[in-house]
Amino acid sequence: MTETPLLVVEDLHVEFTTPKGLVEAVRGVGFTLGREKLGIVGESGSGKSVTGRSILRLVQPPGRVRAKRLEFGGRDLLGMPESELRRIRGRRISMVMQDPKFSLNPVMTVGQQITEAYRVHAQVDRREAVRRALEMLKAVRIRDPERVYHAYPHELSGGMGQRVMIAMMLIPEPDVLIADEPTSALDVTVQLQVLAILDDLVTERGMGLMFISHDLNLVASFCDRVLIMYAGRIMEICDARRLDEARHPYTRGLLNCLPQIDAAGGADLPVLTRDPAWQEQGL
Amino acid sequence: MASEAALPESRLQNLRSWLLSDSPESVFHARCQRFYLGWVAFRANPIAMIGLLIIVGLVVAAAIAPLLTGGDGTEQFLSDRLLPPSAQHWFGTDELGRDIYDRIVWGTRVTLYIVGLVGTLVVPIGLVIGTVAGYVGGWVDNVLMRFTDIFLAFPRLILALAFVSALGPGIENAVLAIALTTWSPYARLARAETITIRNSEYIMAARLQGASGLRILYGHIMPLCISSVIIRLTLDMAGIILTAAGLGFLGLGAQPPLPEWGAMISTGRQFLLDQWWVATVPGIAIFVVSLGFNLLGDGLRDVLDPKSGGAA
Amino acid sequence: MAERLVSTTAAGTGPGSSPHPFVARAANLAFTLALTFIGLTAITFVIGRVMPADPVLAIVGDRAPKDVYDATWRQLGLDKPLIQQYWIYLTRILHGEFGKSIMTTRPVLDDLIRFFPATFELASIATLAGVFIGVPMGVVAAVRQGRLTDHVVRILGLIGYSVPIFWLGLVSLLVFYAWLGWLPGPGRIEVYYDGIVEPTTGFILIDSAMQAEWEIFHNALSHLVLPAAMLTTYALAYIARMTRSFMLDQLNQEYVVTARVKGLSETRVIWRHAFRNVLIQLITIIGLTYASLLEGSVLTETVFAWPGIGQYITNSLFNADMNAVVGGTVVVGICFVGINMLSDALYRFVDPRAR
Chain A
1 MTETPLLVVE
11 DLHVEFTTPK
21 GLVEAVRGVG
31 FTLGREKLGI
41 VGESGSGKSV
51 TGRSILRLVQ
61 PPGRVRAKRL
71 EFGGRDLLGM
81 PESELRRIRG
91 RRISMVMQDP
101 KFSLNPVMTV
111 GQQITEAYRV
121 HAQVDRREAV
131 RRALEMLKAV
141 RIRDPERVYH
151 AYPHELSGGM
161 GQRVMIAMML
171 IPEPDVLIAD
181 EPTSALDVTV
191 QLQVLAILDD
201 LVTERGMGLM
211 FISHDLNLVA
221 SFCDRVLIMY
231 AGRIMEICDA
241 RRLDEARHPY
251 TRGLLNCLPQ
261 IDAAGGADLP
271 VLTRDPAWQE
281 QGL
Chain B
284 MASEAALPES
294 RLQNLRSWLL
304 SDSPESVFHA
314 RCQRFYLGWV
324 AFRANPIAMI
334 GLLIIVGLVV
344 AAAIAPLLTG
354 GDGTEQFLSD
364 RLLPPSAQHW
374 FGTDELGRDI
384 YDRIVWGTRV
394 TLYIVGLVGT
404 LVVPIGLVIG
414 TVAGYVGGWV
424 DNVLMRFTDI
434 FLAFPRLILA
444 LAFVSALGPG
454 IENAVLAIAL
464 TTWSPYARLA
474 RAETITIRNS
484 EYIMAARLQG
494 ASGLRILYGH
504 IMPLCISSVI
514 IRLTLDMAGI
524 ILTAAGLGFL
534 GLGAQPPLPE
544 WGAMISTGRQ
554 FLLDQWWVAT
564 VPGIAIFVVS
574 LGFNLLGDGL
584 RDVLDPKSGG
594 AA
Chain C
596 MAERLVSTTA
606 AGTGPGSSPH
616 PFVARAANLA
626 FTLALTFIGL
636 TAITFVIGRV
646 MPADPVLAIV
656 GDRAPKDVYD
666 ATWRQLGLDK
676 PLIQQYWIYL
686 TRILHGEFGK
696 SIMTTRPVLD
706 DLIRFFPATF
716 ELASIATLAG
726 VFIGVPMGVV
736 AAVRQGRLTD
746 HVVRILGLIG
756 YSVPIFWLGL
766 VSLLVFYAWL
776 GWLPGPGRIE
786 VYYDGIVEPT
796 TGFILIDSAM
806 QAEWEIFHNA
816 LSHLVLPAAM
826 LTTYALAYIA
836 RMTRSFMLDQ
846 LNQEYVVTAR
856 VKGLSETRVI
866 WRHAFRNVLI
876 QLITIIGLTY
886 ASLLEGSVLT
896 ETVFAWPGIG
906 QYITNSLFNA
916 DMNAVVGGTV
926 VVGICFVGIN
936 MLSDALYRFV
946 DPRAR
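Residue numbers (the numbering used here), protein chains in the order written: chain A, 1 to 283; chain B, 284 to 595; chain C, 596 to 950.
Just chain A, same shape as in the assembly (with noise of 0.2 Å):
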């Protein structure tokens, strides 16, 4: 991977005031996507959905994003102003969240929704961006896209309602794709579905993917690069074929957790145990 990265990330802190004091979700994170599949793996209260929302300024206040570096394709993405910001968004960035039953309008028809998201990008007549959206949905597999198309969102099961977020998320067709947790609502074997999807439109489209996740196996299995993030820091970047040669205590304690439907005997899952040094350091 010669080419330029897509974007850069260097010494990003996002921090919250509460009422129990300031709480800082993200300490210092950096890391560069190219046209590649990057996994996020962390637990819950990591830091790795705020660091996906920080990318597109998705913090509201009271939370405060800073960095050394935030850059798109060499632009910085912190200081460039709103109206700016909003030519990137949905065109160059997107972004899938988790449930479709709360990321979607419930009082707007599927397709307008995905219409409205060509149309504020794209400069065409509504006739248009009606064909362009159900030939998006074609393209995420659902078999009637005409019914699809003016349905609402609860009328649609989860696996549907997820395609039809990637369709309304990939048809300005961007250069990145930020996925948070786009699996985690859903059944296992829907989860395969969607992500098989995934992995064909963003690899035919030469995109940037940001896939975010708990699932370590999910991850590793499915991206190119992993970095694993805990308490707001990054414990580790390594390839997804060598994961097992991982070298941080954490990695290497979260690989051991992980039930192997081979393990010899009836020995017991070992139970991570938490080095304070590692609220201290990350990379």
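Some clues are possibly wrong.
To be verified - Listed below are the simulated EDC-like cross-link pairs for lysine to aspartate or glutamate, each with C-alpha atoms no more than 16 Å apart in a straight line:
#1 A:Lys-101 - C:Glu-849
#2 C:Lys-675 - C:Asp-665
#3 A:Lys-101 - A:Glu-155
#4 A:Lys-101 - A:Glu-181
#5 A:Lys-68 - A:Glu-10
#6 A:Lys-20 - B:Asp-305
I should point out that these hints are in silico values taken from the structure, not numbers from a laboratory.
Knowing the structure of chain A, use the given hints to seat chains B and C on it.
Relative to chain A, chains B and C alone:
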């Protein structure tokens, strides 16, 4: 010397860290923590604190009324009718020469009486009906909820008017009328809470231990519903006061010579143009108390459900 | 403020063949309506016939001659069992027979028809004003949560919500009529204009405009300002508060984040996405406001000598005219219940999730 001065400070610090620790050690500890955190959030809200101050002021004024006033506001001095506010009579006198300031202060007792009476009627009725409906379910639930729905849809003031017109004016009748039209939402609330709780595991455990339905209701479910009902009551308090004042204004609430603020406005109405203070001052009192309850209620809601940012 | 009449005891969903959901829901609604009507009339029956010491006296007054007394006695069927009396009462009401008023010696129903438009006029204008001012206020306050605008709106809302309307009416009369002379005093219209305009709709504003009596129109309008302003204060406070609360809820939802991610402008996110979800809930709020204003106008009408139903009921009350009081209560009660149910039904109709 130095160690003595350090002692109380460290004790305070100990208390604070005990209250803020992340892992409570007992039920009592957890409760204290919740209360303290709620109190901190509440205290940070200046609006809510003002409300609390007003209500505390109301209760204190009612309690020590004899200490704050000259007479009890019912003595008539017909030679001193309709005097404007002065050093002697801070709010002036009314058409029967009674000191208005005195009547306002003693009126706090009337207000508290009305509010307290409505509360003691409404909360038990709502709780009982709601919890029974929610716990027993089935046709009992259906019947009770239909019954509740009927009262839910009644216009409060008009019904109170009709009620009082049949029974005759008087503070107890007014209270009864208000209570009749106010209890429904509490039954609804209690029922909703009961339904949420009734299938939880500790209720099942209690049942396995042989607790009868009644015991479960009184011992477990009702205490849990009480807090939300009381909070709802605080929020409704202002409306109850305004309705009671409205009834008083129409002459249907507390009867003379009781210093009820609504009735005072009504009698002062005839002199509005020239002696405006007789009707105006009691209204300010009603406004302040009503505002106090609203502020308090808002603050409570902010503390308990911060995301909503203070709803109605 | 009244509660929304949400029937949580909705039609049970059983397995196997069940009637079409819309029919089932309509039937459920009709049943609840009927039940509420019966409940309302039962209570007014108790108030009118059972509570007074001598119900006949309450109806005919204490100066009625003996034959009128006896006739009414027979008419009420007071020797019959209570349930039968109630049945007579109920059937009479369904025919619109509320008896005669002592005060006006006309049938109560006629009186009510005569006085209703004035109340209706007030409540309608106040609700409209409350909506058109209150809703934007609430939205702006929610969007700028925590900032000055938000605090101002919240405080104004709290004040409007806590102030006793009848007192505010008196004070505003004092200031704007007595001291400043900007607005006319109590009453719906100046005495010498009364009766000039033909009451086709009963709404002076509409009637005078239709007949091009512009002087009367202007006079009526200036009389409307203060009482409508009083009711608007309350409506506005309530609507702004609820709108703000609903908006805050919606602005915290994930789909709002989705809308921003798509690159939509903040204005579009607020109005086309968040507000659209609020609109549905506002239907119920507006219905509740209207119903509340109908009954709240009782006090305003007393202060401003506004010839509406509220004043009719209170005057009848002071004259111990039970027929009129009960009749008025039933009619207002029915309107109240009806509006609540209508807004509830409308809500379910408009919300795609409820269909």
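> Quick check: which numbered hints come out false for this structure?
Replying inline: none
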